[in-house]
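Visitor: Please model the entire structure based on the sequences and the hints provided.
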Amino acid sequence: TANDLVTLQGDVFGAKEDQGVGAWEDVSGRDVVLRWNRDMGPDRHLQVQAYYDHAHRATQPHQGHFFVDTYDLDLQDSLPLGSGNQLVWGGGARLSHYRIDGVPSFFFGPAGRNLFLANGFVQDTFDLSHAVSLTGGLKAEHDPYVGTSLLPDVRISVKPVESTMLWGSVSRAVRSATPFDEDVHESATGVTLSGNRNFRTEKLTAYELGVRSQPLSGLSFSLTGFYHHYNDLRTAEIAPGPGLNLFWGNQLVGHTYGVEAWSHVSPLPWWTLSAGATLQKDDFHFKPGATAAVLGTFQNGIDPGHWITLDSSMNLGRSVTFDLHFRAVGRLVEADVPAYAELGGRLAWSISDHLQLAVSGSNLLHADHVEYFGGDAIPRKVLVGLQWRP
4 TANDLVTLQG DVFGAKEDQG VGAWEDVSGR DVVLRWNRDM GPDRHLQVQA
54 YYDHAHRATQ PHQGHFFVDT YDLDLQDSLP LGSGNQLVWG GGARLSHYRI
104 DGVPSFFFGP AGRNLFLANG FVQDTFDLSH AVSLTGGLKA EHDPYVGTSL
154 LPDVRISVKP VESTMLWGSV SRAVRSATPF DEDVHESATG VTLSGNRNFR
204 TEKLTAYELG VRSQPLSGLS FSLTGFYHHY NDLRTAEIAP GPGLNLFWGN
254 QLVGHTYGVE AWSHVSPLPW WTLSAGATLQ KDDFHFKPGA TAAVLGTFQN
304 GIDPGHWITL DSSMNLGRSV TFDLHFRAVG RLVEADVPAY AELGGRLAWS
354 ISDHLQLAVS GSNLLHADHV EYFGGDAIPR KVLVGLQWRP
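If you're matching positions, the sequence shown starts at 4 in this note's numbering and goes up one per residue.
Please note that a few of the clues may not be correct.
Restraint ranges, calculated between C-beta atoms of paired labels, are given here [claimed, not checked]:
id	residue 1	residue 2	range
1	Pro83	Pro155	19 to 27 Å
2	Leu153	Asn40	22 to 30 Å
3	Val262	Ser322	35 to 43 Å
4	Ala331	Thr208	29 to 37 Å
5	Ala209	Gln12	27 to 35 Å
6	Val24	Leu368	32 to 40 Å
Each computed EDC-like pair below joins lysine to aspartate or glutamate, with the alpha-carbon atoms no more than 20 Å apart [unchecked claim]:
id	residue 1	residue 2
7	Lys384	Glu345
8	Lys142	Asp56
9	Lys206	Asp235
Worth flagging that the hints you see were computed from the coordinates, not collected in a lab.
Even glycine gets a Cβ: it sits at the ideal position worked out from N, Cα and C.
Guide: The structure is reproduced here in structure tokens:
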């Protein structure tokens, strides 16, 4: 109806991936999503969504298999509470039933669980004045391993002029424990890795300041500075005993800081340019007593010091579009992965209202390149497609 939108969407897929030496992996899954959006007037919106997802992987012949069934229900309601005051509230519940039948060198104990997660949240945005707006929110998240975490968020925005907004925020987030953190058992020659039933959530407190502006109708930009403090990050600790016995701990702490910027400009009515860049520094160290120090802080992950994107989009007449995407990513120093730059593009011709011919390419500047330590080389790719819309 004019006020109600109902969406029903589903997928079924299956695949087989060659693992070499006579082995292969069967991959299959199915899902269905039902979503109801109701518009109940100005600034009053309700969304209810439910979905079911099944995923299955099995390495043949008989080298372990995994499946998970996920049932999820979410609700979000947005309603005005008066002039300059907007409240959003909601919650959700998710049940994941899984089983992992591993092999002697890699398995989980127990092999299966029913994991129940739930959350509830409320957020209120209200105007302190014509130019100043304050947003405060709180989310309570319950996970099956650690319990309930409170995740607050506070944001303030100031508009000195209509085209420019200054803003700042402080927020908290966590990464909850998973079966891989608590239940895993893995072994190789002389080395073992075990989960930790006392594993804690990884914690983040994020501080951000920024400015957004649209000085002209065809020009807009944003600049954000950030400082992110992390605590209780996962580490591989060393247990006593013969060989190298590892277990998951929470002995890494540190911070990242940097700036992020983007701009959007339309020099001509048929041509749009966009650019973005991020500069970032990491500083992590181990807590006193951590045995993982001998393995190095790079086990937390390695980020490039910068990444840059440039996009161009052109409408060449009524039926032809031409898009280009350039990206440059800095070197991963500790992983010895060199910096790289790549170009992608798409040229499309709408032959009629129903038929479109397109040529697209990715990673066009090199035959292949590596993006992370131990990763496969990603090759150049060119695709030609014909799309029919009834």
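Visitor: Between the alpha carbons of Lys206 and Asp235, is the straight-line distance 20 Å or under?
Guide: holds (6 Å)
Visitor: Using the C-beta atoms of Pro83 and Pro155, is the stated range 19 to 27 Å upheld?
Guide: Since the Cβ atoms of Pro83 and Pro155 sit about 23 Å apart, the hinted range of 19 to 27 Å holds.
Visitor: Verify the proposed pairing of Lys142 with Asp56, using a straight-line Cα cut of 20 Å.
Guide: Since the Cα atoms of Lys142 and Asp56 sit roughly 25 Å apart, the hinted pair is violated (cutoff 20 Å).
Visitor: Kindly confirm whether 29 to 37 Å is satisfied by the beta carbon distance between Ala331 and Thr208.
Guide: holds (30 Å)
Visitor: Please test the hint of 35 to 43 Å on the beta carbon pair from Val262 and Ser322.
Guide: About 40 Å separates the Cβ atoms of Val262 and Ser322, which means 35 to 43 Å holds.
Visitor: Please check whether Ala209 and Gln12 have a Cβ separation lying inside 27 to 35 Å.
Guide: For Ala209 and Gln12 the Cβ distance comes to about 33 Å; the hint holds.
Visitor: Within 32 to 40 Å or not, the Cβ separation of Val24 and Leu368?
Guide: holds (34 Å)
Visitor: Is 22 to 30 Å right for how far apart the beta carbons of Leu153 and Asn40 are?
Guide: Taking Cβ atoms as reference, Leu153 and Asn40 lie about 29 Å apart, which means the hint holds.
Visitor: Going straight from one Cα to the other, do Lys384 and Glu345 come out at no more than 20 Å?
Guide: holds (12 Å)
In summary, the one numbered hint that this structure violates is 8.
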